[in-house]
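Protein chains: 4
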Amino acid sequence: MQSVVLGRLAEDQGRSLVQVGPCTIGAHRLVLMAGPCAVEGGAEMVSLALRLKEMGVGVLRGGAFKPRTSPYSFQGLGRDGLVMLARAGEAAGLPVVTEVMDVRDLDLVMRYAAMIQVGSRNMQNFGLLKEVGRTGHPVLLKRGLSATIEEWLLAAEYILAEGNRRVVLCERGIRTFESHTRNTMDIAAVAAVKGLSHLPVIADPSHGSGRRELVAPLARAAVAAGADGLMIEVHAEPAKALSDGQQSVTPEQFAVLLTGLAPVAGAVGRSL
Amino acid sequence: MQSVVLGRLAEDQGRSLVQVGPCTIGAHRLVLMAGPCAVEGGAEMVSLALRLKEMGVGVLRGGAFKPRTSPYSFQGLGRDGLVMLARAGEAAGLPVVTEVMDVRDLDLVMRYAAMIQVGSRNMQNFGLLKEVGRTGHPVLLKRGLSATIEEWLLAAEYILAEGNRRVVLCERGIRTFESHTRNTMDIAAVAAVKGLSHLPVIADPSHGSGRRELVAPLARAAVAAGADGLMIEVHAEPAKALSDGQQSVTPEQFAVLLTGLAPVAGAVGRSL
Amino acid sequence: MQSVVLGRLAEDQGRSLVQVGPCTIGAHRLVLMAGPCAVEGGAEMVSLALRLKEMGVGVLRGGAFKPRTSPYSFQGLGRDGLVMLARAGEAAGLPVVTEVMDVRDLDLVMRYAAMIQVGSRNMQNFGLLKEVGRTGHPVLLKRGLSATIEEWLLAAEYILAEGNRRVVLCERGIRTFESHTRNTMDIAAVAAVKGLSHLPVIADPSHGSGRRELVAPLARAAVAAGADGLMIEVHAEPAKALSDGQQSVTPEQFAVLLTGLAPVAGAVGRSL
Amino acid sequence: MQSVVLGRLAEDQGRSLVQVGPCTIGAHRLVLMAGPCAVEGGAEMVSLALRLKEMGVGVLRGGAFKPRTSPYSFQGLGRDGLVMLARAGEAAGLPVVTEVMDVRDLDLVMRYAAMIQVGSRNMQNFGLLKEVGRTGHPVLLKRGLSATIEEWLLAAEYILAEGNRRVVLCERGIRTFESHTRNTMDIAAVAAVKGLSHLPVIADPSHGSGRRELVAPLARAAVAAGADGLMIEVHAEPAKALSDGQQSVTPEQFAVLLTGLAPVAGAVGRSL
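Protein chains in written order, with my numbering: chain A, 5 to 276; chain B, 5 to 276; chain C, 5 to 276; chain D, 5 to 276.
The reader is advised that the hints may include incorrect statements.
Copies of the same chain are indistinguishable here, so a pair counts whether it falls within one copy or spans any two.
[As the list claims (entries may be wrong)] DSBU-like, lysine-lysine: derived pairs with alpha carbons at most 35 Å apart:
1. K198 x K134
2. K134 x K57
3. K244 x K134
4. K198 x K244
5. K57 x K244
6. K198 x K57
For the record, the hints were derived by calculation from the structure and aren't laboratory data. Bear in mind that the values here come from a model prediction, so they are computed numbers and not experimental data.
With the rest of the complex left out, here is chain A (with noise of 0.2 Å):
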């Protein structure tokens, strides 16, 4: 991976440490970034976003603007979506992170959100990543289905060889000939990425596997791997989600992932 080596991933300064809010990305505490898929109504984001808190989640999600497959799919609730994220995230006192998906709406974005997401489907958006890499917000950039390591790492030098260097990686599963799970979860990825860059990396293991019962272990999985955070969907009537749902966790599940997580973090000396 010559290419990667020549540029800014490649100085040596030690590790990246991502500033959100209160939240520090890749010091000794993981980050716990949770929330619903979308963002459904105002009223449930807070009361959702209030427990989140008391469970020390760090970062609030919640997708206002939706990549759907099919154009007859709900595609989010656009602007009002980030108002209700951006005051769920008030009223529970964490900072936001939410996705943008054109590069024209990247400044209103920002208003609402203490992070930005690029989305797996817009790694490769050279335009978006250039864009975003000429303001100085914290980016989480998710690693594109079809991705090699890479390319990952030359989509964030994009963002870092515009000047802004808060980037967070976020694996979240590739695509492979197995259908049991949505996505493959590349733990290796994980592991990999920390050893060739100075950047924090976290995991997705509800759009990594897809399935719910896999979330919790696959979350610790990452975490043992090296991971500095998780990005977790957690919905507070899953069946009833207008996207995802199959993936997202209960609060109360999401209660005993994090029960189960924490001796896993104290085992590679983080802590939850």
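Following the hints, position chains B, C and D against chain A.
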């Protein structure tokens, strides 16, 4: 693929014909789109365009905005490249197709290009798809590197749903474990999408294989399977190409390719 | 692919011709191998063989030992199936090809079959490859579901290294993320192995697609790309087939396929 | 996965425990299987076995019959290798596991090895699976390079259906487009097969990654996800290994790995 069947792709009005300048895509005569990966200079572009026109090429291709894995690779000549491409097209009497990577460049690109290409990396850039759908401009929609046939058709549906029916699909190889070729050309997909939709479909054996020596056999295969045309990278001096030289053929090799292709076209009831 | 170049595949003695009964594989005339997925009964087999012979089929195929994913699926008729296949071949004057799955069955299978098939799942069953290499029997070596071109050629090299040069390669689709088709037919591989070795190569669009309606276009594509023959599943009543009915064509559909294929063969300088 | 649910894998008798010499696989204590990729010499094997025993390894591994992509690569020491492996096991008081590639070697291998390994390339060598199923010998069934979870479980079902319930599954990475690692370790599969069957499952991070520096993080990840043990390639001098040196760790590195692994095991209620 229930979802696909519900959309505008399922409307039964016979096969679509897409007009690009004087070319009709989807008709008896196959459409050849050819040119360099990237526009590199005005004079070379004109000279190549004239030769291609003589050989029966119907649409001139050339990249002005180039999606490159690394931010440090040649990124294309941008607006200058567009102008060079358009002038070469005019000189040769050929309509041009070029990629638009950023929704903000759409107006600019439409000014110079008769057909807009949405590239593999942007196949699920939904904002771009919708915006392209709001124009009446012909669109070449390349299949994403890891897009299923269903996802590809639903990406087309995004464009159709906005009112633009002038969509041509382009199979250009998918990402697999095989490393001898750059991608694995999914020839079955050419036949499959013709059965599943009314849209014309062309094939790009240059990206599909990444190897010069495989371009001709794959071109014949695609036509034999029912493709309505081909997109092929031709460069006067592939060894000096600023990108994708390994998969570009010389004008002489292209002429040989066409000689071998013509009888195959005839064998399936088409002409060059 | 340094390793390949060092072996017997690299010996330059012109292209290999493999003789199977009266058929010469690799010569001007394409070889058609056809028959049911599995031998299911003696009378049906004879009747089908006679029809296939009339249509120009050169080698009769039929499975007696079937590799099935589940132990509870129909496993083939074994020795009885071999006998039925051989009798049908004799009745029609056709040599037969059938799969050997177990090295202990090799002598038995050779007694009845003019050509031995090593199936995808056994492409790296090295004991079987070596044993087959010690016979002088023609071998049809199918590409493994996830075998690279290099691995496939090296599997052939295992046979050649033991002294048996009568090897025919068979591309039958590889495993990818695409689920519309059972496998992804790698047409480029057909052309690639012809450039990398002196062995004949045929294509199996039945397994390559898993869908009846795609068999004909893929057959044309494979021939256009340079295949020396085809292996196609034909069943008198696909709906009643004990295995792979979805990808089998009827004799009538096969006749239509051949009518469309003949001009494509002619277009690339071959005949049916 | 209806088919899986119908078989012996679905019989509800609690989780299986598989006894290999003094080791119980599937119990509270994780089982460590370690040793060189291939047996290369008697003295080195004894010396390594003694060190591994001291470190808590429960089963000694080493290849005598090696599946190699090229016929010109080192093929293993065969019977001599088996004897060396068995003697090293005796000297150290460790049961041994080794691969059987050919059904004709099964009796021989069973004479020397307490556990038979069916390798990735033979996961669907159904004759071998059935024969192994007719013995009462413990079996380590590695997942095929491109086997789905369902296919892997059905391969196990072939063994169980013959009456042998002493099957341990082994996840060892699947083939994907990613080239940084040799394979992509599917950690989700470890958790998934525990939910879908009663069989113990171990993980092989050496083959799973192909890179020495990733073996330790993947070992921790697999255990965190619920693996009942690990298989790890350890070689006294990896740089001199006749095969797979890049993924082998030294005994010293293995000791460090175990030190980091023990607290993770404890965190999920297991011990080393």
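Could you tell me which of the numbered hints above are not met by this structure, giving the numbers in increasing order? Of the numbered hints, all hold.
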